[in-house]
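Asker: One letter stands for each residue in the lines below.
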Amino acid sequence: MFKGGEKKFTLNDSGSPHVGQHGFLKYPTRLNFYDDAPLFDISIEEFETAAIDRLRILAEIESSAARNRTWEELKTVTNAQCVKYLPLNSNTAKNNDIESERRKDHLGHFILRLAFCRSEDLRRRFIKAETTLFKVRYEGDVFSEREQFLSSRDFNWVPVTKAEKQEHWNELLSSYYGSKIEAERKKAFESEKYYKVKWTRVPDLVEKRRVFLAGGWAFVPGREQSSIIYHEFEVHIEKALEMTARMLPRLDEDTRLMPILDNLSQGFLAGISSEWSNPAGENPDELKAEMIDDLSKKHFPMCMKTLHDNLMRDNHLKHFGRLQYGLFLKVLGLPIEEAIVFWRKSFSRMTDDKFNKEHKYNIRHSYGLEGKRANYPAKSCLQILTPGPSDHGCPYRHYSAENLQSALLSTYSQSGLTSADLPEIMAQVKAGHFHVACTRVFEITHSFRGVKKGEGIGGGESVTHPNQYAARSMELDKPQVEGDAMVIEA
Amino acid sequence: MLTFYRRLYPFKAIFNWLNHEHAPSKLFNQREFAFTLAGDVYLRYQSFNSHDDLKKQVCQLNPTRFEIGPVYSSKPRDKKTARAGGFHPIMRELVFDIDMTDYDPIRTCCSGAGICKRCWAFISAAVHVLDTAIREQFGYEQLLWVYSGRRGIHLWISDKEAMELTDQQRKALVGWLTVIQGGGKESKKLSIRSGMRSLPPSLQSILEHLAVVFSELILADQNCFGDKEGGETLLQLIPDAGVVVALRKLWSDDPSRHSEDRWQDFKAQIRSCDKGSQQRLNLTAAMEDIIIQYTYPRLDAEVSKHRNHLLKAPFCVHPKTGRICVPVNPKTIDDFDPETVPTVGQLLRELDETQVTTEGEQGEGRPAVADWSRTSLKSYVEMLDNHAKEIMGEFRKEKRAAADESW
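Here the protein sequences come in this chain order: A and B.
Per the UniProt record's numbering, the very first residue in the first sequence carries number 1; after that it's consecutive.
Per the UniProt record's numbering, the very first residue in the second sequence carries number 1; after that it's consecutive.
I should point out that these hints are in silico values taken from the structure, not numbers from a laboratory.
Any given hint could be a false lead.
Claimed, not checked - Straight-line distance between alpha carbons at most 30 Å, and here's what the computed DSS-like set of lysine-lysine pairs gives:
#1 B:Lys397 with A:Lys198
#2 A:Lys305 with A:Lys357
#3 A:Lys198 with B:Lys305
#4 B:Lys305 with B:Lys320
#5 A:Lys345 with B:Lys171
#6 B:Lys305 with B:Lys80
#7 A:Lys193 with B:Lys79
#8 B:Lys12 with B:Lys80
#9 B:Lys171 with A:Lys128
#10 B:Lys171 with A:Lys239
#11 B:Lys79 with B:Lys305
#12 A:Lys430 with A:Lys298
#13 B:Lys160 with A:Lys198
Stated by the list, open to error - Derived CB-CB ranges, DEER-like:
#14 B:Gln346 with A:Gln166: 39 to 45 Å
#15 A:Gly215 with B:Pro105: 33 to 39 Å
#16 B:Gln346 with A:Ala163: 52 to 58 Å
#17 A:Gln414 with B:Gly86: 34 to 40 Å
#18 B:Lys389 with A:Asn362: 42 to 48 Å
#19 A:Leu150 with B:Thr332: 46 to 52 Å
#20 B:Glu353 with A:Gly215: 45 to 51 Å
By construction, the Cβ of each residue, glycine as well, lies at the ideal position given by its N, Cα and C atoms.
With the sequences and hints as input, model every part of the structure.
Answerer: Shown next as structure tokens:
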């Protein structure tokens, strides 16, 4: 019980009197099962970089799954990311920084554990991403080093004796996968080493009938050994996370750490990916699924913002909501692959199966890739105004006066809307001039960009289309970004 | 119904079976019970401290049936007071459900809800296969087979390891056992030979048994390929176009040719191929596939995959047939006739009849023996009792071993 607390102290209090110098851990191998917490002092900056760099990689792995990348693609992408943010070289590499690389890997893992242990959902996703990362590394590992790693741990498997192998010869042979050529397969089989484990430890092999079972023991051939290790890793991390989750509330926390951890877990939820955090790299104009959340806060008109918030809150939208919002995003410039990623992530409570069956088609349809392949335009204000009251109409029209006022305040108070502005907006709404009210909100919330009253969305034009609103808002934002950058440079 | 619960239902035996020891443990009192009341009212998340408690509630509500769910991390009836996210299933017997409906495409005697002694043979074949597979491959011993009251059978596995399986492991186990897939549309529903020519060892070992069942049940009794349609179905399963044409020609003159003869025709075709040739190997494999497709157990996978699935408790009354869900001995499954299973009405009559005689002998006061032992329910309750005793013995052994180790 103390260990968790102690770990925490050593992690955050660089000058803490509680813990002395523990000395550096030795990392004999590249792979790490992360048994022991890092017990050394680090600065808060180091803490943050280690976490964010690892998070980048995990987020990339997650979005790979959402993008339907194959295992090979995923491996390439992940390895590329790893080289960039979290290099981890093998012992043979002529690199004297191996120790600090591994230290960073170790550290990053444990910090993210703290950040992601807090809810069932976060834990599940963290385990999945971490296990994938481990697999990628395991497969890419040098043979001798892998052997060294394997012998460094007790995986609790029983080697199958010669006699046992003889006894089950036929059964084992017929469930042995290998070369298509029968003779080669036989030869490989004869020299194959077998291990015995409880079948519950290799459920994936059992499900695919790739092992031989007798009396609850699975006979695992050496080449499928990795399956045992991956499962072991998964179970290990899962247990550790649950333990950390129980420990977390009891930590005597100073206020420096929690905000960072909060940010980290939110970053994972929103999916910070490397492209977005440094847009200089690729085409900065291209929209990514990860950017939508941020954009919605800054640039979307109220109708779309409401839809977005509902989607984030409920992980779901009704059909017409999906249609309206989906088309809006399309016209905003979200490419189809990103749209699928975005919706997949948003419907986080849905199984992959259900998503692929029920929603993928509709999304592709709205992009004109299925069915009659029409290029559907996004709904204009006029169209949004017409249907009956629901969460996906125009808020200015469909909300009651009180609701509208409180919604306006809660949505736009950060952008400069005050209760003093409300009477004016409400007067327009009462008179039925919903466009005017929306335009006025635009003017107020963009006044810090120099938009004056009566200017509307440029040249006195009022809002008639949600995309117009968003486009103008983003346009206004652009030069400003450059301006900021110049200030920093100067 | 009420009399049945009050006087006949073996609450004590059910308790022992679920609880694994005499003193009530979390295996019983954190267990979910769900009641189906008259008028389709469904009452979930009930839990009880003892079998008397359960009996009291059952007699009070008089449900048409009740189901047994998993052991949760806290008492299901206190679910609302549990910490958010702190209430989840932790243990559960590994359960299987085989239902006659899955056999509808291949049985010819009855369909839908109907069942007769003849179609029971499908179930008994399935029981044989599953029972041996579970015992030999997975090493579980505490198996209880329960007739579902109409046209199916349930299996409850109470081994400690089986109880503790996670959903993922359950899914894997079901995947291992599931051979027949797909809906009614495709004619071929087998997925076993992935990249290999020979059958996986688990199937190889039971093929011999299935071949016997196949010739007796499918060919002789059910006569599955005995008409034009059936013949076509068989032809669709044969991968060799030449053989198909030859057989179709042969059979077109005699549309009512018996299945056994047709099967012999098919075998003759195989024999006419060169020994060791690819064609012959393919056809032999197809023949094995057909045998397995027609006789291998068809599982309702969803029941087994998730711990929180509810399954009707043994000794409940099937609402349509009135028959009791009695335990079945897998060794004598072939002789089991679902139509001889006592119905609730019959039991109550038996009770009334014996009542008269015992009253005469004993006069007033409680009868010395439990009421169920005076009816035809006796042997079934004893079966459950013995099964529970075995589990309890095993449990005690484990407990003692654990205590020894800790020293």
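Asker: With reference to the structure, classify each hint as holding or not holding.
Answerer: Now the hints, each set against the structure:
1. B:Lys397 with A:Lys198: holds (21 Å)
2. A:Lys305 with A:Lys357: holds (27 Å)
3. A:Lys198 with B:Lys305: holds (19 Å)
4. B:Lys305 with B:Lys320: Between Lys305 (chain B) and Lys320 (chain B) the Cα gap is close to 27 Å, so the pair holds against 30 Å.
5. A:Lys345 with B:Lys171: With Cα atoms ~25 Å apart, Lys345 (chain A) and Lys171 (chain B) stay inside 30 Å; holds.
6. B:Lys305 with B:Lys80: Status holds; Cα separation ~26 Å.
7. A:Lys193 with B:Lys79: violated (50 Å)
8. B:Lys12 with B:Lys80: Holds. Lys12 (chain B) to Lys80 (chain B) sits at ~29 Å (cutoff 30 Å).
9. B:Lys171 with A:Lys128: holds (18 Å)
10. B:Lys171 with A:Lys239: holds (21 Å)
11. B:Lys79 with B:Lys305: Given that 30 Å is the threshold and the Cα spacing comes to 23 Å, the pair holds.
12. A:Lys430 with A:Lys298: Holds, at about 27 Å.
13. B:Lys160 with A:Lys198: Holds, at about 14 Å.
14. B:Gln346 with A:Gln166: 39 to 45 Å: violated (56 Å)
15. A:Gly215 with B:Pro105: 33 to 39 Å: Holds - the Cβ-Cβ distance for Gly215 (chain A) and Pro105 (chain B), about 35 Å, lies within 33 to 39 Å.
16. B:Gln346 with A:Ala163: 52 to 58 Å: Holds: the Cβ-Cβ distance is about 56 Å, inside 52 to 58 Å.
17. A:Gln414 with B:Gly86: 34 to 40 Å: holds (36 Å)
18. B:Lys389 with A:Asn362: 42 to 48 Å: The hint (42 to 48 Å, Cβ to Cβ) is violated, given that Lys389 (chain B) and Asn362 (chain A) are roughly 58 Å apart.
19. A:Leu150 with B:Thr332: 46 to 52 Å: holds (50 Å)
20. B:Glu353 with A:Gly215: 45 to 51 Å: Cβ of Glu353 (chain B) to Cβ of Gly215 (chain A): about 48 Å, so the range 45 to 51 Å holds.
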